[in-house]
Amino acid sequence: MHASVVVFPGTWSDGDCIYALGTVGIESARVWHRESPTFAADELVVLPGGFSYGDYLRCGAIARFSPVMDAVRAHAEAGGLVIGICNGFQILCEADLLPGVLMRNQSLQFRCMPTHLVAANHDSPFTQGIAPGQALAVPISHGEGNYFADDETLDMLEAEGRVAFRYADADGNVTLEANPNGSLRNIAGILNEGRNVLGMMPHPERACEALLGGDDGNAIWLSALESVGVPA
Amino acid sequence: MPVDDQTLAAIALSRAEYDRLVTMLEREPTEVELGITSALWSEHCGYKHSRPLFKHFPTTGPRVLTEAGAENAGAIDLGDGWCAVFKMESHNHPSAIEPYEGAATGVGGILRDIFAMGMRPVALLDSLRFGPLSDAHNRHLFAGVVAGIGGYGNCIGVPTVGGEVQLAPEYSGNPLVNAMAVGVGRVEHLLSAAARGVGNPLVLVGADTGRDGIHGATFASVDLSADAAERRPAVQVGNPFLEKLLMEACVELAEQHGDWIEGLQDLGAAGLTSSAIESAHRAGTGIDLDTARVPRREQGMTPYEVMLSESQERMLVIPKAEHLEDVLALFRKWELHADVIGVVTGDGLATIRDGDEVVARIPIDVLSDAPQYELETVRPARLDALQAFDFTSLPDLDASNATATLLQLMASENLVSRRWIFQQYDHQVQNNTIVPPGGDAAVIWLKGTPRGLAVATDCNGRLVGLDPRVGAQIAVAEAARNVVAVGAVPTAVTDCLNFGNPERPEVGYELTEAIIGLSEACRVLGTPVVSGNASLYNETPSGAVLPTPAIGMLGVIDDVARALTCAPSEGDTLVLLGAEIAQDASTLVAAEYVSVIHHTVAGLPRIDLDLESRVQRLVLDAHAQQLLTAAHDCADGGLAVALAECCIAGRVGLAGSADVTGRLDAALFGEAQSRFIVATEDAGSAEALLALAAAANVPAVVLGVAEGDRLRLGPVDASVAELADAYEGGLGRILAG
Numbered sequence: 000m001h002a003s004v005v006v007f008p009g010t011w012s013d014g015d016c017i018y019a020l021g022t023v024g025i026e027s028a029r030v031w032h033r034e035s036p037t038f039a040a041d042e043l044v045v046l047p048g049g050f051s052y053g054d055y056l057r058c059g060a061i062a063r064f065s066p067v068m069d070a071v072r073a074h075a076e077a078g079g080l081v082i083g084i085c086n087g088f089q090i091l092c093e094a095d096l097l098p099g100v101l102m103r104n105q106s107l108q109f110r111c112m113p114t115h116l117v118a119a120n121h122d123s124p125f126t127q128g129i130a131p132g133q134a135l136a137v138p139i140s141h142g143e144g145n146y147f148a149d150d151e152t153l154d155m156l157e158a159e160g161r162v163a164f165r166y167a168d169a170d171g172n173v174t175l176e177a178n179p180n181g182s183l184r185n186i187a188g189i190l191n192e193g194r195n196v197l198g199m200m201p202h203p204e205r206a207c208e209a210l211l212g213g214d215d216g217n218a219i220w221l222s223a224l225e226s227v228g229v230p231a
Numbered sequence: 000m001p002v003d004d005q006t007l008a009a010i011a012l013s014r015a016e017y018d019r020l021v022t023m024l025e026r027e028p029t030e031v032e033l034g035i036t037s038a039l040w041s042e043h044c045g046y047k048h049s050r051p052l053f054k055h056f057p058t059t060g061p062r063v064l065t066e067a068g069a070e071n072a073g074a075i076d077l078g079d080g081w082c083a084v085f086k087m088e089s090h091n092h093p094s095a096i097e098p099y100e101g102a103a104t105g106v107g108g109i110l111r112d113i114f115a116m117g118m119r120p121v122a123l124l125d126s127l128r129f130g131p132l133s134d135a136h137n138r139h140l141f142a143g144v145v146a147g148i149g150g151y152g153n154c155i156g157v158p159t160v161g162g163e164v165q166l167a168p169e170y171s172g173n174p175l176v177n178a179m180a181v182g183v184g185r186v187e188h189l190l191s192a193a194a195r196g197v198g199n200p201l202v203l204v205g206a207d208t209g210r211d212g213i214h215g216a217t218f219a220s221v222d223l224s225a226d227a228a229e230r231r232p233a234v235q236v237g238n239p240f241l242e243k244l245l246m247e248a249c250v251e252l253a254e255q256h257g258d259w260i261e262g263l264q265d266l267g268a269a270g271l272t273s274s275a276i277e278s279a280h281r282a283g284t285g286i287d288l289d290t291a292r293v294p295r296r297e298q299g300m301t302p303y304e305v306m307l308s309e310s311q312e313r314m315l316v317i318p319k320a321e322h323l324e325d326v327l328a329l330f331r332k333w334e335l336h337a338d339v340i341g342v343v344t345g346d347g348l349a350t351i352r353d354g355d356e357v358v359a360r361i362p363i364d365v366l367s368d369a370p371q372y373e374l375e376t377v378r379p380a381r382l383d384a385l386q387a388f389d390f391t392s393l394p395d396l397d398a399s400n401a402t403a404t405l406l407q408l409m410a411s412e413n414l415v416s417r418r419w420i421f422q423q424y425d426h427q428v429q430n431n432t433i434v435p436p437g438g439d440a441a442v443i444w445l446k447g448t449p450r451g452l453a454v455a456t457d458c459n460g461r462l463v464g465l466d467p468r469v470g471a472q473i474a475v476a477e478a479a480r481n482v483v484a485v486g487a488v489p490t491a492v493t494d495c496l497n498f499g500n501p502e503r504p505e506v507g508y509e510l511t512e513a514i515i516g517l518s519e520a521c522r523v524l525g526t527p528v529v530s531g532n533a534s535l536y537n538e539t540p541s542g543a544v545l546p547t548p549a550i551g552m553l554g555v556i557d558d559v560a561r562a563l564t565c566a567p568s569e570g571d572t573l574v575l576l577g578a579e580i581a582q583d584a585s586t587l588v589a590a591e592y593v594s595v596i597h598h599t600v601a602g603l604p605r606i607d608l609d610l611e612s613r614v615q616r617l618v619l620d621a622h623a624q625q626l627l628t629a630a631h632d633c634a635d636g637g638l639a640v641a642l643a644e645c646c647i648a649g650r651v652g653l654a655g656s657a658d659v660t661g662r663l664d665a666a667l668f669g670e671a672q673s674r675f676i677v678a679t680e681d682a683g684s685a686e687a688l689l690a691l692a693a694a695a696n697v698p699a700v701v702l703g704v705a706e707g708d709r710l711r712l713g714p715v716d717a718s719v720a721e722l723a724d725a726y727e728g729g730l731g732r733i734l735a736g
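Which chain is which? The protein sequence lines are A and B, in order.
Count the first sequence with numbering that gives the first Met the number 0 and you get residues 0 to 231, in order.
Count the second sequence with numbering that gives the first Met the number 0 and you get residues 0 to 736, in order.
By construction, these hints were calculated from the structure, which means they are not laboratory data.
Note that CB positions come from ideal geometry on N, CA and C, so glycine has one too.
There may be inaccurate statements among the hints.
[To be verified] Distance ranges between label pairs, derived from CB positions: (1) A:Q133 / B:R732: 41 to 47 Å; (2) B:S718 / A:D149: 43 to 49 Å; (3) A:R103 / B:R292: 47 to 53 Å; (4) A:R103 / B:A560: 54 to 60 Å; (5) B:Q5 / A:R29: 33 to 39 Å; (6) B:S718 / A:G21: 42 to 48 Å; (7) A:A130 / B:P168: 52 to 58 Å; (8) B:G78 / A:G21: 56 to 62 Å; (9) A:V100 / B:G731: 25 to 31 Å; (10) A:A77 / B:H136: 56 to 62 Å; (11) A:R29 / B:G299: 39 to 45 Å; (12) A:T174 / B:E721: 17 to 23 Å; (13) A:S35 / B:D364: 52 to 58 Å.
Bound conformation, chain A alone:
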């Protein structure tokens, strides 16, 4: 598997994503947002964290118009794997590749802190390798990660098994106290209808080795590898 890491002018997690992917043996290359590549069918496309265009307007509202987004959309529609992390998740929502929006944190403050996630779906390329109830220590770092959608959309996401991750405590219990930003139903990440597009606020690339505090984030990359037949 090879990964393409999309870089907008204000992206800052591209290097971290490339490093983390490298720890599980996935080679990757940067793609500048003005490029219009055709991604290979088995390519993993990563939209990393950052402040794509400064995000003085709504986060991701300008990035969705970047030329590279046509290629990302085509890849997603063709069933290729796309993951948007933090600002990448915000961009996927703005680009209508995922439903809902990320509002300001309930605290009205930026939050950089440890959180735990449980997978709410074990049947997607990103989550199939994660055990039910397994709490993954993956940190957050955002000011606008408060997931919101109307009840109808939320019910649909639940019914279709498209909630990928929820915030939980260290034992894997989904509780109010474990919710760091006010996201409805503790939602930390969601999937598109085809389950090949994942958006999540927490940063798995920051949990990629013991020296940096843990490697739980790698479970997502390892799942993706497994989904294309590379044994974990």
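For chain A, the structure is supplied; the task is to place chain B on it using the hints.
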């Protein structure tokens, strides 16, 4: 045309300084010449009161790569071709008026100093001082500054990993906001800020120029008067997104195309004026610059305004003439606007044009020759009584109150956890943060090597206020101790000298004594001063701030995997190094306990630098011999508070076995210097540590074993959970009013 007193007052130039300029020029200056001279001769740019004192600083050492003050920041050799650059700078006055933008642009400014040297910024720290949080305006400033620091650092993608905050009435209305940045890179990519090569173009890149911040350097060099809010136009507005582009472009230029350029310089205080003229001064050249070619964001700006604007996110590049097009193309790729605004000349003059008209032509030697003042110094009369304060006149702490007092102190504004602050800062981006904020020092990994940097800031202004020389020594010692506590060797210092009006002899005394003390400690501890900044005139109508020489310490750690934290594990033996438990009442000097319980700040600060040095070496030796599992500086709040911090961090109690004798207040809450709490894994290690301490002539006492869920030592018996609740949640509760 001779100028009137009102004009001189507006630009903070004295009549004598004006006359000096006329003598040097042998004529009256033009309006633009007067403006640029006043900015460059201001304290902020010209250090006219502080520079004569800089000779005291030790500035050289085996790892120092730069001459002090010669470049934008100091550079340190990390070995194997790697180097680190770092600097701390103040943004006090802007933050007093407009806390969010003042702090944000402080961060932006210090980052430009780092990438102007071609290095990639890898860490930010902030040393902050405010008045007490019981006051609503102080809370407003505090929350605004924290939000501004986060707003800039989070957006640009440089982790904010540390710093410290102290609150005292003397900072009310004049907060201190000192931002420190650290960059790393290859030695061969270090850039100079010199305008070399006659005929090379001057290229201005980044933001368009507006009227914001005109005479900001001058504003920073006068007292904050009651009408300071009227100075709001002197505060700039930050655009971290634009700075991100500038940073990426400049780092790319340094790393891949260093041969294209001669110099790179940021635009900070006094904008284009100081940037262009200082870089010409460094190279011994001249400049010929046309303000009409400077892109503006406002109409009708005069050459005077263009030269003195402090619009943010601008850099001055001096490409080699033959690579001008390459450099412009690189900036275009990063979607940045760059223009040729002038040329390097060989005539030693600063020639400023507005199209065809020459509006200033002044020798660079005149501009860089700011007047130098020998400070008049008078020891403040109040010190005698304060230093002579007899702590035995205070009733000792009642044993039955010890636990409640500890809980009260853990939640007090100067000791409470800073989590409320650092959880608003992205402290992990770049994936190098090995030890996050909240401990003694942060540890940043130099990826690709096993090595890392430990960084901390420190300064207890109360101690400096009571004895400027000893207080400054303690600031250096404690910053070094913080770095040692994570297992790193203290290596070099940046300082930010925050003082009142130096023209007052009492402030002159504080500044002089503090610089001498700081220098003495740096010599003993082997940490040269490689960069720094002076912020004087920190005064409001109610007086000067506490003298605050903030210290930024850089340490080097050979193996980041062996970095220590202050969290002991169940079963560890805790040992106090550097002192016995029993302490003289005089160690209550400026103690938080005395401030909170007895509402007094007094006493005679003391430190034995030789002992300090031995204790620090002992901790590093013991760690090298694999004897330590945790370490913590035992300072602010005293032994009981430091132990509680260890217990909270390790989520484990302490079964104290040591006797607490003598005055309880001094033993538990006295703030004697040169002390560490360390943890060892087993009895054998503890024995070895005690033997090592004895050989180093350092006192050492076994405190007890980490176990259970209660901290028990002498009369103290508190659950770790209640300590953690007081400590972790305290700041949020205080700020809620």
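Structure-based check of each hint:
{"no.": "1", "hint": "A:Q133 / B:R732: 41 to 47 Å", "in the structure": "35 Å, violated"}
{"no.": "2", "hint": "B:S718 / A:D149: 43 to 49 Å", "in the structure": "45 Å, holds"}
{"no.": "3", "hint": "A:R103 / B:R292: 47 to 53 Å", "in the structure": "42 Å, violated"}
{"no.": "4", "hint": "A:R103 / B:A560: 54 to 60 Å", "in the structure": "38 Å, violated"}
{"no.": "5", "hint": "B:Q5 / A:R29: 33 to 39 Å", "in the structure": "57 Å, violated"}
{"no.": "6", "hint": "B:S718 / A:G21: 42 to 48 Å", "in the structure": "44 Å, holds"}
{"no.": "7", "hint": "A:A130 / B:P168: 52 to 58 Å", "in the structure": "56 Å, holds"}
{"no.": "8", "hint": "B:G78 / A:G21: 56 to 62 Å", "in the structure": "25 Å, violated"}
{"no.": "9", "hint": "A:V100 / B:G731: 25 to 31 Å", "in the structure": "27 Å, holds"}
{"no.": "10", "hint": "A:A77 / B:H136: 56 to 62 Å", "in the structure": "58 Å, holds"}
{"no.": "11", "hint": "A:R29 / B:G299: 39 to 45 Å", "in the structure": "43 Å, holds"}
{"no.": "12", "hint": "A:T174 / B:E721: 17 to 23 Å", "in the structure": "22 Å, holds"}
{"no.": "13", "hint": "A:S35 / B:D364: 52 to 58 Å", "in the structure": "55 Å, holds"}
Taken one by one, the earlier hints fail for this structure at numbers 1, 3, 4, 5 and 8, listed in ascending order.
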